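K.L.:
For the protein sequence lines, the chains are A and B, in the order given.
Heads up: the first sequence begins at 1 in my numbering, then just goes up one per residue.
Heads up: the second sequence begins at 1 in my numbering, then just goes up one per residue.
Where hints are given, some of them may not hold.
Since the list gives no way to pick out one identical chain from another, each pair is judged satisfied if it fits inside one copy or across any two copies.
What the hints assert, rightly or not - Using 25 Å as the maximum straight-line C-alpha spacing, the simulated SDA-like pairs for lysine to any residue come out as follows:
#1 LYS153 to LEU224
#2 LYS153 to GLU31
#3 LYS153 to LEU83
#4 LYS153 to SER280
#5 LYS153 to ARG206
#6 LYS153 to ASP225
#7 LYS153 to LEU223
#8 LYS153 to ILE42
#9 LYS153 to GLY140
#10 LYS153 to TRP222
#11 LYS153 to GLY136
#12 LYS153 to ARG3
#13 LYS153 to SER101
#14 LYS153 to HIS252
#15 LYS153 to ALA228
#16 LYS153 to VAL41
#17 LYS153 to MET258
#18 LYS153 to ASN58
Keep in mind that the hints were calculated from the coordinates and are not lab data.
Computed from a predicted model, the values in this text were never measured in an experiment.
Below, each chain spelled out in residue letters.
Protein chains: 2
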Amino acid sequence: MSRRAAYALVDWGTTSFRAWACASDGTVLNERRTPEGLTGVIDGDFAGVLTRHLAAMNVAGDTPAILCGMVGSRTGWVEAAYLSVPTRLDDLANRATPVPSAGRPVHILPGLAQRGDAPDVMRGEETQLLGVVADGFDTGLVCMPGTHSKWVKLDGGAVIGFSTFMTGELFQLLRTGSILRQAVEGAEPPRPDTDGFAEGFARGFRHPAEATNALFQLRAGWLLDGAAPSGQAARLSGLMIGLEFAGATTVHGTGDRMALLASGPIATLYEAAFAAAGLSLARRFDADQCVRHGLLAAAHRLHSDRSPT
Amino acid sequence: MSRRAAYALVDWGTTSFRAWACASDGTVLNERRTPEGLTGVIDGDFAGVLTRHLAAMNVAGDTPAILCGMVGSRTGWVEAAYLSVPTRLDDLANRATPVPSAGRPVHILPGLAQRGDAPDVMRGEETQLLGVVADGFDTGLVCMPGTHSKWVKLDGGAVIGFSTFMTGELFQLLRTGSILRQAVEGAEPPRPDTDGFAEGFARGFRHPAEATNALFQLRAGWLLDGAAPSGQAARLSGLMIGLEFAGATTVHGTGDRMALLASGPIATLYEAAFAAAGLSLARRFDADQCVRHGLLAAAHRLHSDRSPT
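Use the sequences and the hints to build the structure in full.
P.N.:
In structure tokens:
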């Protein structure tokens, strides 16, 4: 007979739903990934969607679930108010929002907010960071690439500041909806080991002021010189990431130990970017694993009766 | 009885068609503006569209027409090859492309291309610049704001270099298609005399590396502090224009006499931007008037028999 799950750990974003059934020692007993994010929930029936997925994973009806991500936003299931930075990450569990009438114990972890002159927010990444701390990196600068890349300063397990860059969203907007569309049409996903990526990165990182001129040159180079779409797409990717590095190193400096938290092809692009910027990486973390470890750490704190002895 | 037009002058872009019936001394006898740009031409019947508009303006069937803009692009009527910079602007008429079988004498003026390490192109703006030179500004830096803003260096009536910034297109993409949409929803068009515009401009101009972070802060400020959409839209506009000024002053320096070529609300925004950047404007030109003066100058050169004595 299979082991009974101690917790259901759920990362529920706008366009994705990922769940793990875990034993109390963190062993993954079952796992599920669907594109059924918030946008796929009909008539606000979050309880129904969660129950259906967990039942399909053979998770018992009374097993506690710990959730993070946009499910705790104003447009989600129940709003889990932001914690203001600076804040210790182990406060995430203490400040989790219980969801009433879910049919089982359900908690949603809060996001983080930076108030004041540099307003910023995150939802979901804070739980990955809790996993990073649980995995032994509690002081330094963490780069979390994505649609909205985050650079986060940790000090002794607390988030003391962070900044978000719209890198991935801008790349998609420009690639699919701008006058650059034709110049990058049909291109393979950008690869870091190409001249185009390196050139684009150097341009964005060394000459950030010229970014919107460099963008138009991608079209002009295609028009005048017949530059290949794959090269132009790699240049576009490098340019946007280079611009992010120019900004992040300005905002946060380069004096900290640095860690990269990413999964899949984007991890390879950002490793190349760190090398090109002359920055060394002290640690590399897998984003999926970190969110699971973070949810597990919160679960142990919320349900200490189920923690391994 | 009304005067007979010596020329039909036409600025034919992707999404606009503007035509003037002019006497040989430049007096405007009739004028027409429609959104019927290239995208509105069915089955490539450019001749039909032109004939219909000019007939509606009472222009005789044998009156010569001089055209500029995207109508001379690969996707237009007849391709008018780019002139490579550096080039004298009075060469535009000498190198115009005649359109056969148009039913009347028709010429399309070429665009300009900058080849090499900083590839760039323009179509339509070169004719405005010919008007700027005709109006007495033949040496200095001309700022031409728009969807794709151009900064152009003139020396003795020649274009010696230029750079395009995707300012207007990025503003529209971000305003309507990005996660910033909600933060600027329903906002009035940005005004230069607001704190938001000035703050956004300063951020983009002084700290261009942080541009994509500043973008996300527009959303965070709306989420956390309830910042008003009109203020956020003004900040977005200021930020994009500030980034353009940071780039243009890096590429072209600030040592030249400067001129602004613009029409309508965008002219006011850019005048505020020049002031905020501490740059003085030697001349201001109206974009509509310049393209008409440029087309007229080209018409005189092409049809010297019709020039005023």
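K.L.:
The structure should be examined with respect to each hint, and the outcome stated for every one.
P.N.:
Here's how the hints hold up against the structure:
Proximity of LYS153 to LEU224 under the C-alpha cut-off of 25 Å is restricted to the inter-copy arrangement: shortest distance 21 Å between copies versus 44 Å within a copy. Taking identical chains as interchangeable, the C-alpha atoms of LYS153 and GLU31 are never at most 25 Å apart, the minima being 31 Å within one chain and 61 Å between chains. Taking the closest pair of Cα atoms, LYS153 and LEU83 come within 25 Å of each other only inside a single copy of the chain (16 Å); across copies the shortest separation is 52 Å, beyond that limit. For the identical chains of this complex, LYS153 and SER280 are intra-copy neighbours only, at 16 Å inside a copy versus 42 Å across copies, given an alpha-carbon limit of 25 Å.
For a Cα distance limit of 25 Å, the shortest separation of LYS153 from ARG206 qualifies both inside one copy, at 23 Å, and across copies, at 24 Å. Taking the closest pair of Cα atoms, LYS153 and ASP225 come within 25 Å of each other only across two copies (23 Å); inside a single copy the shortest separation is 43 Å, beyond that limit. Taking the shortest Cα distances, LYS153 and LEU223 sit within 25 Å of each other only across copies (22 Å), while inside one copy they are farther apart (43 Å). Taking CA atoms no more than 25 Å apart as the test, LYS153 paired with ILE42 passes in neither setting, with 38 Å inside one copy and 57 Å between copies.
In the homo-oligomer, the alpha carbons of LYS153 and GLY140 lie at most 25 Å apart inside one protomer (6 Å), although the nearest pairing across protomers, at 46 Å, exceeds that limit. Proximity of LYS153 and TRP222 under a CA criterion of 25 Å is satisfied inter-copy only: 23 Å between copies versus 40 Å inside one chain copy. Proximity of LYS153 to GLY136 under the C-alpha cut-off of 25 Å is restricted to the intra-copy arrangement: shortest distance 15 Å within a copy versus 56 Å between copies. In this assembly of identical chains, the alpha carbons of LYS153 and ARG3 never lie at most 25 Å apart, being 39 Å within a copy and 74 Å across copies at closest.
Within a single copy, LYS153 and SER101 get their C-alpha atoms no closer than 37 Å, and across copies no closer than 68 Å, so neither meets the 25 Å cut-off. Proximity of LYS153 and HIS252 under a CA criterion of 25 Å is satisfied intra-copy only: 8 Å inside one chain copy versus 37 Å between copies. In this assembly of identical chains, the alpha carbons of LYS153 and ALA228 never lie at most 25 Å apart, being 39 Å within a copy and 29 Å across copies at closest. For a Cα distance limit of 25 Å, the shortest separation of LYS153 from VAL41 qualifies neither inside one copy, at 34 Å, nor across copies, at 56 Å.
In this assembly of identical chains, LYS153 and MET258 lie within 25 Å of each other by CA distance solely inside one copy; the values are 9 Å within and 43 Å between copies. Neither within a single protomer nor between protomers do LYS153 and ASN58 lie at most 25 Å apart by alpha-carbon distance, with minima of 39 Å and 70 Å respectively.
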